[in-house]
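Number of protein chains: 2
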Amino acid sequence: MIKENLTLLTDFYELTMMQGYYKNNRNDRVVFDVFYRTNPSGSGYAICAGLDLVIQYIKELHFTYEDISYLRSLNIFDEDFLDYLAGFHFTGDVYAIPEGTVVFPMEPLVKVIAPIMEAQLIETAILNIINHQSLIATKASRVCYAARGEAVMEFGLRRAQGPDAGTLGARAAVIGGCVGTSNVLCAKEFGVPALGTHAHSWIMSFENELTAFRTYAELYPSNTTLLVDTYDTLRSGVPHAIQVFKELRDAGKMPAKYGIRLDSGDLAYLSKKSRQMLDDAGFIDAGICASSDLDEYLIDSLKSQGAAIDSWGVGTNLITSKDCPAFGGVYKLAAIEQNGTFIPKIKLSENQWKITNPGNKTIYRIYETDTGKIKADLIALVEETFDESKPLLIFDPISTWKKTTLKPGKYKMKEILLPVFRNGTCVYESPTVLEIKAYCQEQLATLWDETRRLINPQEVYVDLSKVLFDLKNEILDTVNSQKESD
Amino acid sequence: MIKENLTLLTDFYELTMMQGYYKNNRNDRVVFDVFYRTNPSGSGYAICAGLDLVIQYIKELHFTYEDISYLRSLNIFDEDFLDYLAGFHFTGDVYAIPEGTVVFPMEPLVKVIAPIMEAQLIETAILNIINHQSLIATKASRVCYAARGEAVMEFGLRRAQGPDAGTLGARAAVIGGCVGTSNVLCAKEFGVPALGTHAHSWIMSFENELTAFRTYAELYPSNTTLLVDTYDTLRSGVPHAIQVFKELRDAGKMPAKYGIRLDSGDLAYLSKKSRQMLDDAGFIDAGICASSDLDEYLIDSLKSQGAAIDSWGVGTNLITSKDCPAFGGVYKLAAIEQNGTFIPKIKLSENQWKITNPGNKTIYRIYETDTGKIKADLIALVEETFDESKPLLIFDPISTWKKTTLKPGKYKMKEILLPVFRNGTCVYESPTVLEIKAYCQEQLATLWDETRRLINPQEVYVDLSKVLFDLKNEILDTVNSQKESD
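Residue numbers (my numbering), protein chains in the order written: chain V, -18 to 467; chain A, -18 to 467.
Worth flagging that the hints you see were computed from the coordinates, not collected in a lab.
Hints should not be assumed to be uniformly reliable.
Copies of the same chain look alike in the list, so a pair counts if it works inside one copy or between any two.
[Said to hold, decoys possible] Capping the alpha-carbon separation at 27 Å, the derived lysine-lysine pairs in DSSO-like fashion look like this:
no., residue 1, residue 2
1, Lys326, Lys393
2, Lys253, Lys328
3, Lys388, Lys169
4, Lys371, Lys383
5, Lys238, Lys4
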């Protein structure tokens, strides 16, 4: 959707640092990892999304004449550096986990291997895009889980944080499981279903509700969903809807799909009462759609109370991920090349789990062969090799006494970080959004139910290989002994 | 910033309703109001923002050949309606409260008077834009209030909900009071200061912290702010920064602006300790900037504990308005023209305060002449006239016993809803973002301190004129008696 050049969509300090490297003739290749530390909304997993836009962004990276003129006007950048920017394009490698994959904390979702000036420039936009779309895809998968397979429609455009948030957010919501979106631009750009019927203003613009319903039913004879809460749901809206359905039945013009939409009031009570009224009139296949401040918790609660709702329109709480509106992805330096070798780097912190994992890494997903479920993920250095015909010892990198040995034949390993750019050339083709959605459903099926639970889910283990674990401790020891000697 | 055509940035039901009106030869002029019911984040007010993009959006409204082809492919729209869309442009009137104005619940922030098909199409995009930017401008004004006049910098791009949320959100943050943004694209597009220095990766890419600091200071001799928490703030970062400042002082090259940035740990403790160390070394004018999960509450708490911080970088919590990530603006039908007269319309609800205000309205802001502070806002019908030389009786529209009579000379009235489009032509020129920011500061000065309080603020009265109040009750009585007789 985004057609403009996003090259300046970066933090100012990326440019001041770039000039610093440029002036010091430093353009060593580096490894940066995008990862996050906590699943959003208390989830047991996240769904990564946004890669397609990252690819588009990197492909189109260049500073226009206007961009350079603007930067010159700030009187902080020298002409030689501006000349360098004018010829800038991305020459590095990018690896990423495909969109729609279930992912866990500390895993590199994207890995950039590039000269430091290039790697630094693209930090902010990559984080912005991956953080946003992963957040909404994750939220959508939770809402759809609560709806237990019933249709969830994304209706949040009017409350989204700007046009992109509405459009790219709706894309992510479909990846996470929504059947479609009310956002026509998203539907067109990404080839997903556009959904919706009419608003209260439609009803109010007619002399009465019955006429408004009748007119709508005539216009849209194959899918007639009537909004019943403009005046009084049970005393006016549902009776009028039933009257129109009867007229259609009497005329032999029953729509293929028809029903009502509830948009206010107590949805459990109103849906059960409405269901009864529809059934009593013989409309047992009439659908009942609900919308109104829904999220995964309210849907779950309504389901557990036996609400007679069979499709769900979810707006604000999904498109903003209201209870957790930011995905905490970060972009951390993991290694710097010196004389052809990557020297691993680490970022310290008072909190052990905030210390980064050093080196040029990849991720293996370990499946149980008999269930197909995820046993654990294993972060390892790229040069390590694993042999599935041998036992595999895995252990928790913080509580190291938590160990398991996997027997040959009982587990399978699959590398999930895939090449996307090599030497600046894109080597990856994004699937369509509906293909990503289908893949995401397969991915969700590899999680144990306990991990999908909405509240206090079972965590999936993300372990470090023995080699990576030892390397990390070795560097920590060295850094700490340097600090002691200061 | 947004260069693409946003005409399809609309809910699908706007188009199905439009076709419904088209097929029924109904294109009566209508009045729609954009208003909200509750201030975000428990605030006593909101700052409206986004109008400039709304103007741009309406000016550029048209369906491209590609848009029409897409809509045709859905097999729900007839050729005659698609022909109408192909020739569509906006012909109506728009009134709005200027960006940067303080506003209160129930006030029309934007009023659209247009043929119903046009008014319906633009609902979603107007809400999306106004909701988003008003949300962030309001949040920014709260964060800046907490910082008590000290500089607040917008640093949230990497955690924003997509590129627009980062860029238009940063624009709104500056309107609300931020001194600038890290987002270079926003800085360029909207002419606001671009801010930032370096990241942890800069420090980590050098053999040691001291070299990283020295190199940075050489590069940026007029503004040298050093990030001191990469390894150990008090044992490594601050001592190394002081060493570099001493070297600059000894060389007679003291930067005009210099200091340190804290980005982790306990900011109250670290800032006081760092201040002492800087002061002891004679650097009493060194600035201390803090960033790290800040919001208005944490800044207020740090200030009350005497934290020695003089500028604030605020990211995630501002750019997403984390505690309240959606602004609840709605778009409600207020009147329909019949035979040249607007017939007022009302939307019922179980909740009295959710019932809409009918008719073609405007808003007068009433100031106390001796203080210049806002006394109340008055929503009235456009045809009403008021005479400041006479006493003015105002009363709360729900608790009607709350009455005040304002004496002539003691109050002033100013209409705040201004014309923006007339007959489809834009008649309003947006100020620059920095002009809007300055205007917003003036606006905030018209609020009582009690209304600016971060928690449980004093509410500002938004009253209805007697004429509007009576009209509303008359319509409610009619609707209720119709329901009784059904």
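Structure-based check of all given hints:
1. For the identical chains of this complex, lysine 326 and lysine 393 are neighbours neither inside a copy (30 Å) nor across copies (65 Å), given an alpha-carbon limit of 27 Å.
2. In this homomeric assembly, lysine 253 and lysine 328 come within 27 Å of each other (Cα to Cα) only across copies, at 24 Å, whereas the closest approach inside a single copy is 56 Å.
3. Taking the shortest alpha-carbon separations for lysine 388 and lysine 169, neither the intra-copy value of 49 Å nor the inter-copy value of 58 Å comes in at or below 27 Å.
4. Taking CA atoms no more than 27 Å apart as the test, lysine 371 paired with lysine 383 passes inside one copy only; the shortest distance there is 20 Å, against 81 Å between copies.
5. In the homo-oligomer, the alpha carbons of lysine 238 and lysine 4 lie at most 27 Å apart only across protomers (22 Å), although the nearest pairing inside one protomer, at 67 Å, exceeds that limit.
Figure legend: structure checked against the earlier numbered hints; hints not met, in rising order: 1, 3.
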